[in-house]
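Now for the letters of each chain:
Number of protein chains: 2
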Amino acid sequence: MAPSRESIQATIESYVKSVAGGTVDDVLALYAPGATVEDPVGTDPRTTEAAIREFYGIIEPLEQTAELGVVKIAADHAAFNFTLVTHMGEQKVEISVIDVMTFDDDAKITSMKAIWGQEDMVAH
Amino acid sequence: MAPSRESIQATIESYVKSVAGGTVDDVLALYAPGATVEDPVGTDPRTTEAAIREFYGIIEPLEQTAELGVVKIAADHAAFNFTLVTHMGEQKVEISVIDVMTFDDDAKITSMKAIWGQEDMVAH
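Residue numbers (this note's numbering), protein chains in the order written: chain A, 1 to 124; chain B, 1001 to 1124.
It should be emphasised that the hints constitute simulated quantities derived from the structure, not laboratory data. Treat the hints with care, as some may be off.
[To be verified] Incomplete in silico selection of chain B near chain A, CB under 10 Å:
#1 Leu-1028
#2 Thr-1036
#3 Glu-1038
#4 Asp-1039
#5 His-1077
#6 Ile-1115
#7 Trp-1116
[Stated by the list, open to error] Covered stretches of chain A (chain B as the covering partner; in silico rule of three or more C-beta atoms under 8 Å from a C-beta of chain B):
#8 25 to 36
#9 69 to 76
C-beta atoms are modelled at their ideal positions from N, C-alpha and C, and glycine is treated no differently.
Next comes chain A alone, as it looks inside the complex (with noise of 0.2 Å):
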């Protein structure tokens, strides 16, 4: 049975919280085993934990902030544009992309495809 709507909105919503704010465990709870990313599409796909795990601890420690933005979901696959915000003293830099994923039966994530490239990556 595909997860319900809502489930994949609870799991969108945490990822990007957990994302900005939380530790690399609390992101890789939200992945079912097996699960690939591909961040930004077109570099090679991370197939395994350690893979996902080194790519979330990048960006672990720093300090940010993220808005979720428009959400559109259909049967296991989800899309949605978020802003990533990386706060360094003075300085921002705001990162616009739309993710695509697709959902287990309980709604953890088995692929995401983060789409952007260097234009949307602002420093302020």
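With chain A's structure known, arrange chain B on it following the hints.
Just chain B now, with coordinates in the frame of chain A:
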């Protein structure tokens, strides 16, 4: 070689314009041979030109306007939010979706997946 961001952006803008106010041929001209369309995700993909033609033929006669929202591009992928408004006399039906597309080297669409649910369709 992957298509340029500019050429993908141009295809997306033509697509949204053609879906709203163009002919089926205008839309089909943006697709590569062998392209697939899954709209919404979870329904059977349309894998022949005839099936894709039939799909866009349904909305061709409608009076519609469209607005392109957030667009993100990475390698040969793009995702974008757009709102399509169908005008029926005094009534309007508004649908807001995120389309995920892949492109060939000439920035023709090789696949389209539309992510939306009943909740994303609103009548005014």
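Evaluation of the provided hints:
no.: 1; hint: Leu-1028; in the structure: violated (23 Å)
no.: 2; hint: Thr-1036; in the structure: violated (15 Å)
no.: 3; hint: Glu-1038; in the structure: holds (9 Å)
no.: 4; hint: Asp-1039; in the structure: holds (9 Å)
no.: 5; hint: His-1077; in the structure: holds (4 Å)
no.: 6; hint: Ile-1115; in the structure: holds (4 Å)
no.: 7; hint: Trp-1116; in the structure: holds (5 Å)
no.: 8; hint: 25 to 36; in the structure: violated (count 0)
no.: 9; hint: 69 to 76; in the structure: holds (count 7)
Of the numbered hints listed earlier, those contradicted by the structure are 1, 2, 8.
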